[in-house]
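Those sequence lines, one after another, are chains Y and A. Following the numbering used here, the numbering of the first sequence begins with 1 at its first residue and continues without gaps. Following the numbering used here, the numbering of the second sequence begins with 174 at its first residue and continues without gaps.
Hints should not be assumed to be uniformly reliable.
[To be verified] Counterexamples of contact, computed for chain Y against chain A with all Cβ distances above 12 Å:
{"#": "1", "residue": "K95"}
{"#": "2", "residue": "A96"}
{"#": "3", "residue": "L97"}
{"#": "4", "residue": "W98"}
{"#": "5", "residue": "K99"}
{"#": "6", "residue": "T103"}
{"#": "7", "residue": "G105"}
{"#": "8", "residue": "T107"}
{"#": "9", "residue": "F165"}
{"#": "10", "residue": "A169"}
[Unchecked claim] Facing chain Y, from chain A, some residues (calculated, C-beta under 10 Å):
{"#": "11", "residue": "I284"}
{"#": "12", "residue": "G322"}
{"#": "13", "residue": "L329"}
Rather than coming from a laboratory, the hints here were simulated on the basis of the structure. All values reported here derive from a predicted model rather than from experimental measurement. Beta carbons: idealized from backbone N, C-alpha and C, even for Gly.
There are 2 protein chains.
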Amino acid sequence: MTAPIVSRTILRGSLRSHFGMTNHADMTVSDPSASKNAVEEELTLSPKFDRDGLVTAVATDARTGELLMVAHMNADALARTIATGEAHYYSRSRKALWKKGETSGHTQRVIELRVDCDQDAVWMKVEQSGEGACHTGRRSCFYRAAPLGQTGIVRLEFRDAGKAFDPQAVYKT
Amino acid sequence: MTAPIVSRTILRGSLRSHFGMTNHADMTVSDPSASKNAVEEELTLSPKFDRDGLVTAVATDARTGELLMVAHMNADALARTIATGEAHYYSRSRKALWKKGETSGHTQRVIELRVDCDQDAVWMKVEQSGEGACHTGRRSCFYRAAPLGQTGIVRLEFRDAGKAFDPQAVYKT
Chain Y
1 MTAPIVSRTI
11 LRGSLRSHFG
21 MTNHADMTVS
31 DPSASKNAVE
41 EELTLSPKFD
51 RDGLVTAVAT
61 DARTGELLMV
71 AHMNADALAR
81 TIATGEAHYY
91 SRSRKALWKK
101 GETSGHTQRV
111 IELRVDCDQD
121 AVWMKVEQSG
131 EGACHTGRRS
141 CFYRAAPLGQ
151 TGIVRLEFRD
161 AGKAFDPQAV
171 YKT
Chain A
174 MTAPIVSRTI
184 LRGSLRSHFG
194 MTNHADMTVS
204 DPSASKNAVE
214 EELTLSPKFD
224 RDGLVTAVAT
234 DARTGELLMV
244 AHMNADALAR
254 TIATGEAHYY
264 SRSRKALWKK
274 GETSGHTQRV
284 IELRVDCDQD
294 AVWMKVEQSG
304 EGACHTGRRS
314 CFYRAAPLGQ
324 TGIVRLEFRD
334 AGKAFDPQAV
344 YKT
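Build the full structure now, drawing on both the sequences and the hints.
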């Protein structure tokens, strides 16, 4: 089956400004009229940003496969990540581009970056520098499990929850 | 440091109805007044649903660590997943609860379910039954990579993109 040609919109003018993009960050966006099959089978990155201009970004440890964190990227963060091989995110709370490790020194070198079928999520296999990815001091943000079979109020258990570093010292909080 | 007590709201009445919840699906929700530290350190599941009532749900292969899919759960999908150990999601396009595999037979048995620091994302290690998780016929939804160092229009490459099953046969499309 041949994937149909997708017409695309290059982010320029107001859209470029909306996404805070610099000159190195040209990026196509999904054309709403593009067929589902085209988005799934084409080989041009055409992220499907949500109404806030974000895609979901998942980082796993390239060596162990452990899920380190789930965050978001805007077009600028995604373009910078692909251009530099260093993970950049968009902080929804601070409403700002955020290079991972800019405060903590715990940067993430991207080994591989993939996009999912409908291009609204990105998976990075990373080399995590420093002791951990989580601002709470753990290696991974996923340090609590919900044992299965529970109904009603769900009790969590700590898993791999030991502090890898002292967040107060690292983040100067 | 002792985590402060968090006051919680149990989903009842209109909220229960909003989330389409049944009796087995009582679930606490994050109290916006709860301190950041409490949400991060407490051992009661208190998901931080977004304005659409959803959290991000990430499924990895329990055996290989491969990222299979990224989707969303509402309170009902999360409660059913925890209660039954079978992955349930919420389809934003169909606006409906969705038991993974209900059409394809490619169900996901949850081996472990974790929640992240701010409780707006869930990680499941799953045993994927059948040939794959992706509706396009691949094992994983992440079958395209963006080689690093690119600027401007980003070209993708297929990776592990062979069809594991025929989606037209499985989904009767």
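How the hints compare with the structure:
1. K95: holds (16 Å)
2. A96: Holds, since 17 Å exceeds 12 Å.
3. L97: holds (16 Å)
4. W98: holds (15 Å)
5. K99: Its Cβ never comes within 12 Å of chain A, the nearest being 15 Å, so this holds.
6. T103: The claim stands: T103 of chain Y keeps its Cβ more than 12 Å from every Cβ of chain A (closest is about 16 Å).
7. G105: holds (19 Å)
8. T107: holds (15 Å)
9. F165: At about 14 Å from chain A, F165 of chain Y clears the 12 Å cut-off, so the statement holds.
10. A169: Fine: 14 Å to the nearest Cβ keeps A169 of chain Y off the interface.
11. I284: Check passed: Cβ of I284 of chain A comes within 9 Å of chain Y, closer than 10 Å.
12. G322: holds (7 Å)
13. L329: holds (5 Å)
Checked against the numbered hints given earlier, this structure breaks none of them.
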